[in-house]
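Based on these hints, arrange chain R on the given structure of chain Y.
If you're matching them up, the sequences are chains Y and R in order.
Quick note: the first sequence uses my numbering, first residue 1, plus one each step.
Quick note: the second sequence uses my numbering, first residue 1, plus one each step.
Read the hints as simulated data drawn from the structure, not as lab findings.
Note that the Cβ used here is the ideal one computed from N, Cα and C, for glycine as well.
Please note: incorrect hints may appear among the correct ones.
With a cut-off of at most 27 Å between alpha-carbon atoms, the simulated DSS-like pairs for lysine-lysine come out as follows [what the hints assert, rightly or not]:
id, chain 1, residue 1, chain 2, residue 2
1, R, Lys-263, Y, Lys-55
2, R, Lys-132, Y, Lys-94
3, Y, Lys-443, Y, Lys-407
4, R, Lys-493, Y, Lys-339
Short, incomplete list of chain Y residues facing chain R, as computed with Cβ under 10 Å [said to hold, decoys possible]:
id, residue
5, Phe-147
6, Leu-156
7, Leu-379
Given next are the chains, with one letter for each unit.
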Amino acid sequence: METLERVTKIMINLNIHKEFHFIYLLIKGVVMSHPYLGLTQEEINSMLMEMGIEKIEELYRDIPSKFFLKRPLQYSQPMSEEEVRQHIKKILSKNKVANQIKLFIGGGAWFHLIPSAVKEIVRRSEFLTSYTPYQPEVSQGMLQALFEYQSLMAELLDIEVVNSSMYDWATALGEAFRMVSRVTKRSKILYPQYISPERLKVAETYTEPTNIMMVEYIQNRIDGSVDLEDLKKKIDQDTAAVYIEYPSYLGFIPLNIREVGEIAHDHKALFIIGVDPTALGVFESPGKLGADIVVGEGQPLGMPVNFGGPLLGIMGCRMERELVHQLPGRLIGMTVTHKGERAYTMILQAREQHIKREKATSNICTNQALCALTAAVYLSLLGKNGIRILGEQILARTKYLISRLSKIVEVEAPLFKSIHFKEFTYRVVNKQSREVLRRLFEKNIVGGISIDGMFRDVGDAILTCVTEIHSKEDLDYYVDSLKEVVER
Amino acid sequence: MSYRQAKWSEPTVFELARHGAVGVDFPELDEELKQALDEVLNEIPEQLKRRELNFLELSELDVVRHYTRLSQMNFGVFSGMYPLGSCTMKYNPTISEEVVSYEEIYNCHPLQPVETVQGCLEIIWRLEQILKEITGMSRFSFQPAAGAQGEFLGCLIIRAYHKDKGLDYKNVMIVPDSAHGTNPASATMAGYEVKVVKSDEDGCVNISELEKIVDKRVAGIMLTNPNTLGLFEKNIEKIVDIIHSVDGLLYYDGANLNALLGKVRPADMGFDIVHLNLHKTFSTPHGGGGPGSGPVGVIDKLVDYLPSPLINYDESRNFYYLDYDRPKSIGRMKMFYGNFTVLVKAYVYLLRMGGEGLRKVAESSVLSSNYLLHKVKKLQGVTLPYAPESYRKHEFVVSLSKLYKETGVSARDVAKRLLDYGFHAPTIYFPLIVDEAFMIEPTESESKREIDAFYDALSSVINESYKDPEKVKTAPHNTSIGRIDEVRASHPKTMIPSWRVYVTRRERL
Chain Y
1 METLERVTKI MINLNIHKEF HFIYLLIKGV VMSHPYLGLT QEEINSMLME
51 MGIEKIEELY RDIPSKFFLK RPLQYSQPMS EEEVRQHIKK ILSKNKVANQ
101 IKLFIGGGAW FHLIPSAVKE IVRRSEFLTS YTPYQPEVSQ GMLQALFEYQ
151 SLMAELLDIE VVNSSMYDWA TALGEAFRMV SRVTKRSKIL YPQYISPERL
201 KVAETYTEPT NIMMVEYIQN RIDGSVDLED LKKKIDQDTA AVYIEYPSYL
251 GFIPLNIREV GEIAHDHKAL FIIGVDPTAL GVFESPGKLG ADIVVGEGQP
301 LGMPVNFGGP LLGIMGCRME RELVHQLPGR LIGMTVTHKG ERAYTMILQA
351 REQHIKREKA TSNICTNQAL CALTAAVYLS LLGKNGIRIL GEQILARTKY
401 LISRLSKIVE VEAPLFKSIH FKEFTYRVVN KQSREVLRRL FEKNIVGGIS
451 IDGMFRDVGD AILTCVTEIH SKEDLDYYVD SLKEVVER
Chain R
1 MSYRQAKWSE PTVFELARHG AVGVDFPELD EELKQALDEV LNEIPEQLKR
51 RELNFLELSE LDVVRHYTRL SQMNFGVFSG MYPLGSCTMK YNPTISEEVV
101 SYEEIYNCHP LQPVETVQGC LEIIWRLEQI LKEITGMSRF SFQPAAGAQG
151 EFLGCLIIRA YHKDKGLDYK NVMIVPDSAH GTNPASATMA GYEVKVVKSD
201 EDGCVNISEL EKIVDKRVAG IMLTNPNTLG LFEKNIEKIV DIIHSVDGLL
251 YYDGANLNAL LGKVRPADMG FDIVHLNLHK TFSTPHGGGG PGSGPVGVID
301 KLVDYLPSPL INYDESRNFY YLDYDRPKSI GRMKMFYGNF TVLVKAYVYL
351 LRMGGEGLRK VAESSVLSSN YLLHKVKKLQ GVTLPYAPES YRKHEFVVSL
401 SKLYKETGVS ARDVAKRLLD YGFHAPTIYF PLIVDEAFMI EPTESESKRE
451 IDAFYDALSS VINESYKDPE KVKTAPHNTS IGRIDEVRAS HPKTMIPSWR
501 VYVTRRERL
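Only chain Y is shown next, with the shape it has when bound in the complex (with noise of 0.2 Å):
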């Protein structure tokens, strides 16, 4: 490799290099070609020459020369595609997925449907390889695209104003905690007891620099109903919000949600619900049942699980100036130009980093546009009539199961008697819930996720998924093998 190297340069030295041009090239493309690479030898000395330098290392003279990696990065020498290919390959084999195991999991990443054409759109190049659209002209279709998404999504939310996304529904959560107490300049928030217990860390992280309060307020053990004397008991003047997850995480309808909107309202607190929007075809929306603010996951809206990322983070609030000027994340207008054509732009920028810096709502710049775009494909795919049918396929499956489950003598299914959606919560009697997962596991079923631990009076149980890729096949197979594990 030296050798070349000095070849070439006693070749550019002597201004020979273009005389011998193809042994020139054949060195060239030895010592410095690459797919990713846009300048060849050749062009890399004639742009030296133009500037008057030797060599690159020149640029870099204003470096301190201490602190230059004296060596090279060692990591890997460079593979070709084929070789990646092969090695990530090999790497994914210590991976099992759905082809070889059923997987009844959610927990805040479902399994869905995924129609082709979804997956068509959203590679299209000009979408996958733009950045931000700053250039609105030359942006059309991403701005229309993310503004279709706002605008589908608050119709399915019911509510006037969505982003074009945040980072995913924790991260969403934790914003509207910090978005309340600004708005409403109060700093108490009350949120369910069955709250995810993972978005509820990220909502601390997010919180823990403020001076927000967040306040649990109990969920009626036998259905899952918001305790209201409680949640009166803990309302108060300095009360920001008061949050609900509908459904809860553990996938149960709170059947009271509509009083908990009034109570919060009463006391002129806001009042935000979390959502899993394909539960929004079939149960009443956020919009009608009092919600100020909405946020939610995005993912099962055509994207796959990805072992959790990317997801899609939802986040909406009413039509009102104080609330719409305190929503982080970036938002797309309708307008027209200057000549009266139709056109779309990103609106209310005053409210963000690059303009506003340490007085931004947020610093959210990079979001989950292209989810965002999946999310706007998927639902202009199914219709009004294709999000009611999915969520009665996903209705019709969760409760065929736990009628099924709970038919089993030594089966508890569901702990709450309320209706669920996606996702419900079992026990086996006198069998640990990571010894009857283990177990299911033996037969290739992942059953759910272990809630040991996580809710102080729900104890030791299961909460396990079932979406619209579930067969009755599938299910059947769950109770079967279920049935074993017990029975051992």
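For chain R alone, coordinates are given in the frame of chain Y:
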């Protein structure tokens, strides 16, 4: 170079939708499932049933055609050169998209038993080893979904460290006036008071100014190096000493690491925390705004504060596992383990380049940038503020204020007119310390031919600005639409953030 972007007068999906069209079908429910459904539908209280949903249906072709047309009205790196300064819009290898379409990735659930996700964990672990080598840091967290979230995390780590050491009174974060807007915003989110340190005439942090504002309340400084002017902070050693002398920490904003890959490592310069933008430096596509990934690396003494879980490797058992047993951790930034597919794509890119290839990436990007600057600074109306004799790194910032004074044509106008030539515009009006700022980052992906073509286009636009300024001021002319009424777009009376707001406004008219 002539260019005409596609222009479809494409209605919204709301206008295209038709009652009863079918875009997707579901497997028919069999009898028992139907029964279960009827049963549960009866159980749902009336007041919790969805009453109305205001959008109709489209066929599969309706949808595919609609979004294909929209894509044709969008410009990406695959369409043309995208010299958007500070965004490192390099080529995004197609192999990455292929790899993340493997079922072992897309169908792998984050909460599966750990023995069934060894492959995913191994990829993250291996990526971490490479990033450690590139930056000199001790450990990385991959939770942050973007650079800004990485900054927020970095600030939380600084906060936790000082609390732990009994230095709770530290509540000031220093940020240069040339910094990205996310820096002050992130510091504020983490509870810090932001103090701005001015740049000196060389475009670097003014050391005497820094010495003046640093006192025991200072928790740290957030620096981009090379900075947003494309200049290496030549006094970095001095800055490190000043900040460390008051027990402050140095945060490295990795947005501009591209220039230093394989040459200089943040840890060796004295930085304590770093975030990397995988969607910039390591070539994962930016997706029109995201998803990105902003992993955060720290030196030894800060490892305990990283979010949980970390991914560890037990060599004796050849087993990867999630470590939650970390009592000093700042907690959790995000669900699960970060934007996993973005991590995979960055890993693929790093393998393709190899350690030696990364050094070439840095050098080529710096060469291209200085070569372009060498030509651009000679153009009429263009000036190079701050240290005109110094070489820039991977990007540079020129000022068009002379052009503006002489012709009335602004940086924005020039940017818009460049679109007509088939180039994405550079970053404009940033950093804030340059009037009519024009920030150009060609990246190592572009050939000399393409860079020259960009120069020619810019040169033509400047010529036009002197000869026919109206043409430039009214640009763009060749894009899907002409210039937008930005004031109307954000005005409270005319703002339309969603279709339902549009419908309400239309009805009122």
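Each hint, compared with the structure:
no., hint, verdict
1, R/Lys-263 to Y/Lys-55, "holds, 15 Å"
2, R/Lys-132 to Y/Lys-94, "holds, 24 Å"
3, Y/Lys-443 to Y/Lys-407, "holds, 21 Å"
4, R/Lys-493 to Y/Lys-339, "holds, 19 Å"
5, Phe-147, "holds, 7 Å"
6, Leu-156, "holds, 7 Å"
7, Leu-379, "holds, 8 Å"
Checked against the numbered hints given earlier, this structure breaks none of them.
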